[in-house]
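> Starting from the known structure of chain R, fit chain U onto it as the hints suggest.
Chains as they are written, first to last, in our numbering: chain R, 1 to 399; chain U, 1001 to 1274.
There could be a bad hint or two in this list.
Straight-line Cα separation of at most 30 Å, DSBU-like style, residue types lysine-lysine; simulated pairs [what the hints assert, rightly or not]:
(1) R:Lys332 <-> R:Lys373
(2) R:Lys105 <-> U:Lys1195
(3) R:Lys271 <-> R:Lys373
(4) R:Lys89 <-> U:Lys1195
(5) R:Lys200 <-> R:Lys258
(6) R:Lys212 <-> R:Lys137
(7) R:Lys373 <-> R:Lys212
(8) U:Lys1198 <-> R:Lys105
(9) U:Lys1195 <-> R:Lys138
(10) R:Lys271 <-> R:Lys362
(11) R:Lys215 <-> U:Lys1195
(12) R:Lys113 <-> U:Lys1198
(13) U:Lys1198 <-> R:Lys149
(14) R:Lys200 <-> R:Lys214
(15) R:Lys105 <-> R:Lys52
(16) R:Lys52 <-> R:Lys311
(17) U:Lys1117 <-> R:Lys113
(18) R:Lys271 <-> R:Lys238
(19) R:Lys113 <-> U:Lys1246
(20) R:Lys362 <-> R:Lys340
(21) R:Lys137 <-> U:Lys1195
(22) R:Lys332 <-> R:Lys362
(23) R:Lys138 <-> U:Lys1198
(24) R:Lys105 <-> R:Lys137
(25) U:Lys1198 <-> R:Lys137
(26) R:Lys215 <-> U:Lys1198
(27) U:Lys1195 <-> R:Lys149
What follows is a set of in silico ranges between Cβ atoms, one per label pair, in the way DEER data are often shown [claimed, not checked]:
(28) R:Asp195 <-> U:Asp1265: 42 to 52 Å
(29) R:Ser159 <-> U:Thr1191: 20 to 30 Å
(30) R:Gln133 <-> U:Arg1116: 19 to 29 Å
(31) R:Gln133 <-> U:Glu1087: 49 to 59 Å
(32) R:Asn158 <-> U:Ile1052: 33 to 43 Å
(33) U:Pro1109 <-> R:His119: 16 to 26 Å
(34) R:Gly155 <-> U:Thr1043: 49 to 59 Å
(35) U:Gln1132 <-> R:Leu207: 18 to 28 Å
(36) U:Gln1132 <-> R:Ala193: 40 to 50 Å
(37) R:Ser159 <-> U:Pro1206: 13 to 23 Å
(38) U:Pro1206 <-> R:Ile198: 49 to 59 Å
(39) U:Tyr1062 <-> R:Lys137: 31 to 41 Å
(40) R:Asp162 <-> U:Val1127: 33 to 43 Å
These are computed hints drawn from the structure, not numbers from a lab. Since the model is a prediction, treat every value here as computed from it, not as a measurement. Think of the CB as a built atom: it goes at the ideal place given N, C-alpha and C, for glycine as much as any other residue.
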Amino acid sequence: MSIIEVSQLTKIFGHEPIRARQLLNEGWSKEKIMKETNMSVGVNQASFCIEKGEIFVIMGLSGSGKSTLVRMINRLIEPTAGEILFNGKDIVRMNAEELRQLRRKNIGMVFQKFALFPHRNVLGNVEFGLEIQGIDKKTRTELARNALKLVGLEGWENSFPDQLSGGMQQRVGLARGLANDPDILLMDEAFSALDPLIRKDMQHELLLLQAKMKKTIIFITHDLDEALRIGDRIALMKDGAIVQIGTPEEILIQPANKYVERFVEDVDLSKVLTAAHVMIKPETVTPERGPRVALQLMRDNRVSTLYVTDKEHNLLGLITADEASQAVKENKSIEDVMQKPIPWASPDTILSELFEMMAEAKFPVAVVDERGKLRGIIIKGAVLSALAGNAVPEGGAAI
Amino acid sequence: MNIPKIPLGEWIESFEDWLTDHAGPIFDVITSVIGSLVEGIETVLVSVPAIILIVLLTALAYWAGKWKIALFALVGLLLIDNLGLWEPSMQSLALVLTAALLSIVAGVPIGIMCARKDAVRNIVTPVLDFMQTMPAFVYLLPAVTFFSLGAVPGVIASIIFAIPPTIRLTNLGIRQVPSELIEAADAFGSTPAQKLYKLQLPLAMPTIMAGINQTIMLSLSMVVISSMIGAQGVGALVYRAVTQVKLGVGFEAGLAIVIMAILLDRLTQNAFKK
Chain R
1 MSIIEVSQLT KIFGHEPIRA RQLLNEGWSK EKIMKETNMS VGVNQASFCI EKGEIFVIMG
61 LSGSGKSTLV RMINRLIEPT AGEILFNGKD IVRMNAEELR QLRRKNIGMV FQKFALFPHR
121 NVLGNVEFGL EIQGIDKKTR TELARNALKL VGLEGWENSF PDQLSGGMQQ RVGLARGLAN
181 DPDILLMDEA FSALDPLIRK DMQHELLLLQ AKMKKTIIFI THDLDEALRI GDRIALMKDG
241 AIVQIGTPEE ILIQPANKYV ERFVEDVDLS KVLTAAHVMI KPETVTPERG PRVALQLMRD
301 NRVSTLYVTD KEHNLLGLIT ADEASQAVKE NKSIEDVMQK PIPWASPDTI LSELFEMMAE
361 AKFPVAVVDE RGKLRGIIIK GAVLSALAGN AVPEGGAAI
Chain U
1001 MNIPKIPLGE WIESFEDWLT DHAGPIFDVI TSVIGSLVEG IETVLVSVPA IILIVLLTAL
1061 AYWAGKWKIA LFALVGLLLI DNLGLWEPSM QSLALVLTAA LLSIVAGVPI GIMCARKDAV
1121 RNIVTPVLDF MQTMPAFVYL LPAVTFFSLG AVPGVIASII FAIPPTIRLT NLGIRQVPSE
1181 LIEAADAFGS TPAQKLYKLQ LPLAMPTIMA GINQTIMLSL SMVVISSMIG AQGVGALVYR
1241 AVTQVKLGVG FEAGLAIVIM AILLDRLTQN AFKK
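Extracted from the complex, chain R is given alone in its bound form (with noise of 0.2 Å):
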């Protein structure tokens, strides 16, 4: 079961939300409702389901309704219609009480503008959460200083919000939000107000952390690279509503629609796809077949090189077809004449790192899983093809 499913979720802001509802339903577009009825979409029956221990990417330009669609999780917006089901419980029907234990215990939020208590220090903010659910002091000490830990900030419990850097405070804002050990933490534009490399940096480290605490993240981004780089998934807003929800390679390589195609024309893929989407499958032969066969294989499938792999895939080697007709003659096994190391990466390597590489192999770049064994290569064209948007035709997962 997702951990959260939301289904028909809108959010009306004006006099007469119903009626307004019931327009949407009747097929009026945002601004027609807006120009008729002065009322405002915020958010036009979105349904997503979200599964545990993913990052959820909900991304969309300004006055996509994405800051209203997170608000309403935890209803800092109430909802004018629709269900959020937490664990199979809506919350939109929770009364105040149990809505303050699912904020208290489940759910945890950090901020764009960080929004830290100016009078409170560094572990007064870190602590707030579990002091308002009235957890003893040394308890929440301790629980405080971890979360400090986890995001690198131990030493500075005494300092003031503002004494510190945007990166820093982001990083107490985090803390914050994880001090109560939520089962989802809600980040609005969390990164959106720090500068680019800071910003790379809270990102890697979010995704660090998330290896380690697997908590299901809920993130709001206007910004594409930031989607595509640490989103497992990625819903799409436009106008109030969801156009499309997918991976990020579905996103980019299966738009939706035009809009989707629009927004992500600019993507420069060589930051986004990996080895692992261009590569395609390999010739091999294994050394104990001999030169004779070796030459024979390269014939019959018409390439010059073959990789060299024992019976497991593991990669030993590389043999040009001279090599191969030198051991004939020269009554040699493969192993003898056969390149040794060459050039190869990790199926996660990203197409912009491998360039370099590329330029200076003068065979396809081999793609070599963490255990040794050779997963695909990679050759020019099916370089070219992906970053002008095509899909591979082979695939990648050969072998």
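Frame of chain R; chain U shown alone:
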């Protein structure tokens, strides 16, 4: 034009009569509470030897701020004592402190309610405007009717005149707390009371303190007017000096008020900054 005069004055007077007839016991209770409060504070201030109080206040001024204020307190208070105005000054101070105390006790909660509900603010604001602009002499009259002569109607009149800044600035201070901080407090599951005590009041405190400072200053400015209805103290000396055209006496008493005003102002301002 033959529109008859609206008998507003008659209405007010009959309302006053009605209140005197029906709410008498309530006024009696208020009178005895405020009366004993003023007397209690006055007794303490007058019975402690002047020199001890002067040393204590100087020490307080030193703790609250700079040595300059402490020096001013020492010289100013010794001067008051030297002029023979110590006891009337302490009487006035008792009146001012009582009025300020009651203004704070009533004003801060009213200000909080105004900040919470626009409806409350919309009712309270015009009432405050009325209280501040209606000449103080006008509400001396009902104060005397309900609370007779002496310190108590003086305190009541001072409160009416001095409470608005505390209410206004408490309201303002709480409303100025950034909405994203309120949102953060909500997002972590604060109750309204937790939000008030852990976030809104601490952040509004400098503004509220500015209001309290104003309230104290305004109630001090009422000591002369209060003396017209029988409140004792330096205000009474000023009033007598004015009616008898005695410039010297008037100046001395006036100077005592100025010294107390400056001292109270600096003390409250600095104590709140700490």
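> Holds or violated: are the alpha carbons of lysine 332 of chain R and lysine 373 of chain R at most 30 Å from each other?
With a Cα-Cα distance of about 25 Å, the restraint between lysine 332 of chain R and lysine 373 of chain R holds, given a limit of 30 Å.
> Going straight from one Cα to the other, do lysine 105 of chain R and lysine 137 of chain R come out at no more than 30 Å?
The hint holds at about 18 Å.
> Regarding the pair lysine 271 of chain R and lysine 238 of chain R, is the alpha-carbon distance no greater than 30 Å?
holds (25 Å)
> Does the structure keep lysine 362 of chain R and lysine 340 of chain R at a Cα separation of 30 Å or less?
Status holds; Cα separation ~13 Å.
> Starting from lysine 200 of chain R, check that the Cα of lysine 258 of chain R is at most 30 Å away, please.
Holds, at about 29 Å.
> Within 30 Å, alpha carbon to alpha carbon, are lysine 215 of chain R and lysine 1198 of chain U?
holds (28 Å)
> Holds or violated: lysine 373 of chain R with lysine 212 of chain R, Cα cutoff 30 Å?
Distance of about 26 Å is within 30 Å: holds.
> Hey, lysine 105 of chain R versus lysine 1195 of chain U, does the alpha-carbon distance stay inside 30 Å?
At roughly 17 Å apart (the allowed maximum being 30 Å), lysine 1195 of chain U and lysine 105 of chain R satisfy the hint.
> Does the structure keep lysine 113 of chain R and lysine 1198 of chain U at a Cα separation of 30 Å or less?
holds (20 Å)
> Holds or violated: are the alpha carbons of lysine 215 of chain R and lysine 1195 of chain U at most 30 Å from each other?
holds (27 Å)
> Between aspartate 162 of chain R and valine 1127 of chain U, is the Cβ distance one that fits in 33 to 43 Å?
holds (38 Å)
> Quickly compare the C-alpha distance for lysine 89 of chain R and lysine 1195 of chain U to 30 Å and report which way the hint goes.
holds (27 Å)
Comparing the model with each numbered hint stated earlier shows that hints 16, 19, 35, 38 do not hold.
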